[in-house]
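Listed below, chain by chain, are the residues.
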Amino acid sequence: NAGVIQTPRHKVTGKGQEATLWCEPISGHSAVFWYRQTIVQGLEFLTYFRNQAPIDDSGMPKERFSAQMPNQSHSTLKIQSTQPQDSAVYLCASSLVDSSYEQYFGPGTRLTVL
Amino acid sequence: GDSVTQTEGLVTLTEGLPVMLNCTYQTIYSNAFLFWYVHYLNESPWLLLRSSTDNKRTEHQGFHATLHKSSSSFHLQKSSAQLSDSALYYCALSDRGGGYKVVFGSGTRLLVSP
Chain A
2 NAGVIQTPRH
12 KVTGKGQEAT
22 LWCEPISGHS
32 AVFWYRQTIV
42 QGLEFLTYFR
52 NQAPIDDSGM
62 PKERFSAQMP
72 NQSHSTLKIQ
82 STQPQDSAVY
92 LCASSLVDSS
102 YEQYFGPGTR
112 LTVL
Chain B
1102 GDSVTQTEGL
1112 VTLTEGLPVM
1122 LNCTYQTIYS
1132 NAFLFWYVHY
1142 LNESPWLLLR
1152 SSTDNKRTEH
1162 QGFHATLHKS
1172 SSSFHLQKSS
1182 AQLSDSALYY
1192 CALSDRGGGY
1202 KVVFGSGTRL
1212 LVSP
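For the protein sequence lines, the chains are A and B, in the order given. Numbers in my numbering are just positions in the first sequence, counted from 1, shifted up by 1. Numbers in my numbering are just positions in the second sequence, counted from 1, shifted up by 1101.
I should point out that these hints are in silico values taken from the structure, not numbers from a laboratory. Each hint should be verified, as a subset may be incorrect.
Unchecked claim - Just the calculated beta-carbon pair ranges, DEER-fashion:
| # | chain 1 | residue 1 | chain 2 | residue 2 | range |
| --- | --- | --- | --- | --- | --- |
| 1 | A | Asn72 | B | Pro1215 | 41 to 51 Å |
| 2 | A | Asp58 | B | Ser1180 | 33 to 43 Å |
| 3 | B | Gln1178 | A | Arg10 | 40 to 50 Å |
| 4 | A | Gln84 | B | Ser1180 | 20 to 30 Å |
| 5 | A | Gln42 | B | Glu1116 | 48 to 58 Å |
| 6 | A | Ile6 | B | Pro1215 | 46 to 56 Å |
| 7 | A | Ile40 | B | Tyr1130 | 37 to 47 Å |
| 8 | B | Leu1118 | A | Gln42 | 25 to 35 Å |
Built from N, CA and C at the ideal position, the CB exists for glycine as well.
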């Protein structure tokens, strides 16, 4: 079991460029979550999928952020026209869907927008 | 909506002293699940503790927490801090469990010194 895989681990973009972050959940986990981690805000929920269907995207900034899960083995978070305030560590987590199961986190992608 | 409050952003302790990290929450759901996740530097966050039934203590790796619905609290405690406990600790809430949306607090950084 390789755990949750996130690529790239580090990404540097210029202001206004697009950034795509990838997440491969643990095989068999049907819930996938995206979070943004900053020193100021802590761990902010962005969005999540269950059985590939988007369930709740209430944490997503509406205009430039989008997430997809085209198949059960990967999810992407896309940020268009990146801004310096988007700089953060983006964490993906996966979980079995059950009342007692924990979320397993990936190592994160550190996005730096210059 | 659901919310989690961690009042201390930073807790500094000398090794051997007791640890208490505060966590209070708000939710309309009577059967909410509370979690403590720990995030060590250069690692992924992982689940340290999950709540049990009201007023029941749960323990793991020397840490313990008791869910008190009457005060909406789930404070994390340890009798004697170790240097290796230095990390970022997140309290989190889910109204249905780990496979559903989880709301995280802002985190408490624990620094243990010799």
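Given a hinted range of 33 to 43 Å, is it respected by the beta-carbon distance of Asp58 (chain A) and Ser1180 (chain B)? Given a distance of about 42 Å, which is inside 33 to 43 Å, the answer is holds.
Satisfaction of the hinted span 41 to 51 Å by the C-beta atoms belonging to Asn72 (chain A) and Pro1215 (chain B): Given about 50 Å between the Cβ atoms, the range holds.
Cβ-Cβ distance between Ile40 (chain A) and Tyr1130 (chain B): within 37 to 47 Å? Violated, at about 30 Å.
Beta-carbon spacing of Leu1118 (chain B) to Gln42 (chain A) - inside the hinted bounds 25 to 35 Å or not: For Gln42 (chain A) against Leu1118 (chain B), whose Cβ atoms are near 29 Å apart, the range 25 to 35 Å holds.
Outcome of range test on Cβ distance (Ile6 (chain A), Pro1215 (chain B); 46 to 56 Å): Given a distance of about 37 Å, which is not inside 46 to 56 Å, the answer is violated.
Within 48 to 58 Å or not, the Cβ separation of Gln42 (chain A) and Glu1116 (chain B)? violated, 30 Å
Note whether the CB distance of Gln84 (chain A) and Ser1180 (chain B) lies within 20 to 30 Å or breaks it. violated, 46 Å
Taking the beta carbons of Gln1178 (chain B) and Arg10 (chain A), is their distance inside 40 to 50 Å? Check failed, 34 Å falls outside 40 to 50 Å.
Violated hints, in rising order: 3, 4, 5, 6 and 7; the structure is consistent with all others.
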